[in-house]
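Number of protein chains: 2
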Amino acid sequence: MAESMRGLHRSHRCTEVSNSNIGEKVTVMGWVQKRRNLGSLIFVDLRDRSGILQLVFDEDSIGKEGFEKAGTLRSEYVIAVEGTVQKRSAAVNENLKTGDIEVIATSLRILSEAQTPPFQIEENSQTKDEIRLKYRYLDLRRPDIQRNLMLRSKVLYLMRDFMAKEGFLEIETPILCRSTPEGARDYLVPSRVHPGNFYALPQSPQLFKQLLMASGYDRYFQIARCFRDEDLRADRQPEFTQADMELSFVDMEDVLDVNERLLKYVFKEAINVDIQLPLPRMPWQEAMDRFGSDKPDTRFGMELQDVSDVVKGCGFSVFTSALEAGGSVRGINVEGQGAMPRKKIDKLVEFAKGYGAKGLAYLCVNEDGTYKSSFAKFMTEEELNALVSAMNGKPGDLLLFAADKNKIVWNVLGALRLKMGEELGLMDPDQYNFLWVTEFPLLEWSDEENRYMAMHHPFTMPMEEDWKNVDTDPGSVRAIAYDIVLNGTELGGGSVRIHQDDIQEKMFEVLGISKERAQEKFGYLLDAFSYGVPPHAGLAYGVDRMVMHMVHADTIRDVIAFPKVKDASDLMTATPNVVDEEQLEELGIAVIPQKEEDAE
Amino acid sequence: MAESMRGLHRSHRCTEVSNSNIGEKVTVMGWVQKRRNLGSLIFVDLRDRSGILQLVFDEDSIGKEGFEKAGTLRSEYVIAVEGTVQKRSAAVNENLKTGDIEVIATSLRILSEAQTPPFQIEENSQTKDEIRLKYRYLDLRRPDIQRNLMLRSKVLYLMRDFMAKEGFLEIETPILCRSTPEGARDYLVPSRVHPGNFYALPQSPQLFKQLLMASGYDRYFQIARCFRDEDLRADRQPEFTQADMELSFVDMEDVLDVNERLLKYVFKEAINVDIQLPLPRMPWQEAMDRFGSDKPDTRFGMELQDVSDVVKGCGFSVFTSALEAGGSVRGINVEGQGAMPRKKIDKLVEFAKGYGAKGLAYLCVNEDGTYKSSFAKFMTEEELNALVSAMNGKPGDLLLFAADKNKIVWNVLGALRLKMGEELGLMDPDQYNFLWVTEFPLLEWSDEENRYMAMHHPFTMPMEEDWKNVDTDPGSVRAIAYDIVLNGTELGGGSVRIHQDDIQEKMFEVLGISKERAQEKFGYLLDAFSYGVPPHAGLAYGVDRMVMHMVHADTIRDVIAFPKVKDASDLMTATPNVVDEEQLEELGIAVIPQKEEDAE
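So the protein sequences, as listed, match chains A and B. Residues 1 to 600 in our numbering are what the first sequence spells out, letter by letter. Residues 1 to 600 in our numbering are what the second sequence spells out, letter by letter.
Honestly, the hints are just simulated from the structure, not real lab data.
A pair counts as met if it fits within one copy or between any two copies, since identical chains are not told apart.
No more than 20 Å apart at the CA atoms, straight line, and that leaves these computed lysine-lysine pairs for PhoX-like: (1) 521 to 134; (2) 372 to 347; (3) 154 to 268; (4) 87 to 97; (5) 358 to 344.
All values derive from a computational prediction rather than experimental measurement.
When you get a sec, could you build the whole thing from the sequences and use the hints?
Below you can see the structure in the form of C-alpha cells.
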C-alpha cells in the first residue's frame, strides 16, 4: 500500500549529499536499487537520476516498526527516508560519488511498491532489445540511458543558448504541411474538414526556413522534428530531430564560421572535447579519391590509391577492361595484414560484392618479399613490382584492389577501408575528427530517371566559376554545398541557396522540371522570392546522430526516449494500431483489404 | 537582374547603426521600404528585422551610374549599400531609433528585384486576413508581426533557460503516437508498413511525461507540439505549442512555486512586467460564485451576487421556479449603466440566450430612485428594495439577473460581465492579473454519457479530505488541480497525479471504466506504475496564448509564423491537398467518395 509524502520535502538528490553534510539531517527519495541484510543492519542502495546513495537502517535509530518495514523493501520500491549523514562505517566505495558516506535512517515511507521487473535495472544491460523496448519505461531507468538523455537535453540547451546569443530566432514551422511527392516518402494525414485531401508531415522545414529569409527574419534556428516514411536502417527513425538554421546576407564562410564556433562550444561544454578551429576542409572529389567516401573518417590512413596508370596495359583483363569502360583501378594497403588467411580474404571478397563489386583482387606481400595474389599469374613481375611500389607495399602488407566504374570502386574500397579500420582498432573513440566536405557536385546523373537530379535540392547555388559549363558538362558543375563530417558520420549539411531567378530557372531546366511543374511544387516559394529575397544559406544537423557520437552509443535508439523499431512500430505502446471504424468514416477514408500475398 | 553580394560583408543591421558611428564606413543590407526623390538627392528607407535606416544617394558620392541605379529602386527590392554614417541633414525623426542619422551611399547593389506586393508592408495592416495569409511571406515582413515572432522566440528561450537552471531536462516525446479515442479527435497517420494500422498525432505528451517520471527523470520539460482535430475557434489551431512540465517527489506547493518564479522571470525579461509573488489563489467554487468563470478576469469588479435567498418566495415565477428546480438567482450590477436604452438591453438578453439562458431579467435604478424593470410588476416594493439593496444598487445602476441551474447562471453572467467590462473599458491591457484557480471538482456529471467524467483526466489526484465521500457524493470531491489564469485567460493548468494503485482503481470504477478497458487504453502506463512510481505532478502552458497576451494580439494567428485558418487549411501552401493515387495505394487506404449532401 502506497504511503503519501505529505509533510516531507526532499532536501537532496542522492548524489547531492556529500561528506560536507556529515552530521546533517537529510530527506532523500528514490528507487531501491538493492537491499542487503547484514547482521543487525539493513543496507539499501537508493537510486535516482543523479546516482546512488547508501542508506543504513538499524533498529536503534528507526525503531522496531521502521526496521521491520525496511526488511520488506525490494528492488524498485520507491521510498522516502529521513536520516542523518555519517561517514561510511564500512570501506569507502571508490566507484560511487557518495562512496565515503551513508545516511542512517530515522524514518521510512514506502511511496510505491513494485513488482519484480522482467530485467535488472543496470548499466549495459544484456537483455534483448525487444524486451527492453517493450518495457521501455524500465529500460529508461538504466543509468547509461539516463546519462544519454541528460546529455541530449544539455546539448539541445547549449545549442539554443549559443544560437540565441548569435542573434538567431527560434521560429516554429508547421508539422501539418503540404505533400511534395518527391524525395523520400511522406507520412500523410487525412483531413476531416476537407475529405479526400491530406496533410503531410515535413521531411524538413527547408521551404519554410527559406520563406522566413524572404520575410526578413535574417537568422532562423529551430530544433525541428522531421519525418520520413522510409525503410528503417540501424541509424534511422521514422521521426528524427534536426537542428536547423538559415541565415540571410551571408556567404559560405559566414555559415561555416558560426557553425565551427557552435560545435566548439557544444562539444566543450557537453563532453569536454576541445576542437581546434578552423576545421579542416576537403573538396568532395578529394574525399572520394582518398577515402572512397563523401564522409571520410580521417582518424586513420589506409587511403585509396589510384593505380589506373600503373596497371594500364597489363595482362589482367579485369583491370584493363574496367579502364577501357571509363572506370578506374584503385587499391588500399592494409598494412601488416599480409598473412591474412585465405578464408578471411574470401570473406572480404564477399563483403566487396555486397557493395556492388564484381570481385576483389588481392595481393599479399610475403615477409620474404614474394607475392601471394589472386591475379599474379596475369601480370609480369615488373608490373607486379610497379603496382606494389605504387601502393607502398612492404613485406607483411595486404593490398586490396577494385576495378570498376569510379562510383563502385569508391563505394567498395571506402567500405573495406572502414571495415578494416574497425577490425584493426584504428578508430580511436576518444578522437573527434571534424571535417568540412565542400564542392559537392551540383547534379547527379540518375540512370533510373534518365536525367540529372539535384544532389542536395534544386535551390542549391552552383559555384560561379563552374556555372558557365552547365550546358556542356552539367556533371562537372560544383555546388556551394557543405557537409560537416565527424569520424566518418555526416553530422549535418547545407548549402548556399539560389536567390537569383535566372539561375533558378536554368536549374529547373537542367533538372527537366517544367515551369508549370515548378510552380505546382514550389510555387509559393518562387512567388515569395519574386517579391525580394536576400542571399541566404543554411545548414541542418542530425541531433540524434550527434548525441549518439558524443556518448558512443551503438544504436540511435539509445539516445531517443521513446524510439521505434525497424518496422516503425513502438513496442511499448503497440503503435501503430487499428482504430475505430467511426474515426475512419469521419475522415472519409477506408482501409483497403490486403491481398493474401501482401499480408504479413 | 540580381547582383551577387560577393566581396561584401554586412557590418550592421539597420538600427545597429547609431550616432556613435558617425563618420564611419558601414555596409548595410535590407529591403527598400520606400524611395523619395528630393531634388538632386534620393532618400531610401532601408528595412530589416531590426527597423529602419535612412540612406541618402547623391551623385557626388556614388557617381552617375550608381545614382541612376538608385533611381530604379522600388519597394521591397533587396539591396546592399556601402556608405558613411552622418548626422541627419534634415529634421530628426523622433519615431525612429536611427532618426538622427543617415548613411550617405558610396556603392549600391541590387541583390533582388521585387514585384509590387499585393499590399503595403506596414504595421497594423488593414488588408483582409485572406489576402495576408495567402501571401503570408509578405505579411511576415510587417514590423508588428516580426516583433511578435521575435518576442515569441525570446519567451521560448527564457522559459528553457529558467527550466534548465531549475534542473529540468528537455526530453522529446514522439509525434507518431497511439490513438486514444476519447477526449478531442485525433489526427491519424496511416502506416505503410502495417496496412490498416494508424499512428495518431499527440493531443499532449501527458502519458509520456508520466512515464518519464516512473522512469526516474525527476524533472521533465518540453516545448511540445500538440494536435487536436477540432472545429477551430478564434484562439485555436489544429497544431499548437505547449510548454509542458512534470516533477517527481513534489506536492502542489512545489509546482506552484517553481511556476510562479518562472512566470515572474519570463514576464520581466520578455516584456518588463513585474509580477508580485506569491500569486493570489482562488478555489474554483469561489471563482464561479464571484465571477461566473473558472478563469476570472480580476482586473475589474462587477462580481456576481447570489440573491436566491432574497427573491425566495417572491412573486416572480421565473425566479422562484429556478430555485425550486435546485438552481439559483444571481445578478451583476453594471454600475452607471441604468440609463441604457431598451434596444441595447434587448441585445444583452439575446446575448444571454446565446449562453443558454431562457431570458435575462433587468432592473434599472433611475436617478430619482425609481425602478425600470422587466419584472417589477411581479414583486412588491419591499421585495424590489431588498433585491436592489442586496445588489448594492445605486441610482444610475443597471442590474442584470439570471435564474436557472447554477451552471447556466454562471455561464450567462460570467459572459455578460466580461462583455460589459470590455464595453466599459474596465480591462486595462497593461495590467497583468495572475491568479491560481484551485480545488477544481474532480468529476463532472455528463448528461450525454450519463456518468461522471474526469474534469481534467483520470490520473488527477483527489483531495485527501474529500476522497472518503467519493461513493456518497462524487460531485463534491475536489481535485488537487490548478489553472494559472491571466486576465481571464487560462494560460495553463495541471494537477498532482495519482500514484497509488488503490486510488487509481477506485477512480476508474467511479468513471465507469472497467479494468479491461483501462488496461486497453492506459495499460502501459498502469504497468509502468506497478514497477514503482514516485509521487508526481505537472503543468502545461499554452505558449501561443501566453505570447498573444504579451503582445496584445487580436488573434492567435498573429503569434504563429505559419498559422492555419478556421477550416484548418493553410492558404499560402494550399494545404491540405489531393495526393497521388500511388501514395494512397502504398498506404493501403482509399478515399471514400462523398455523398452529394455531404459535399461542401
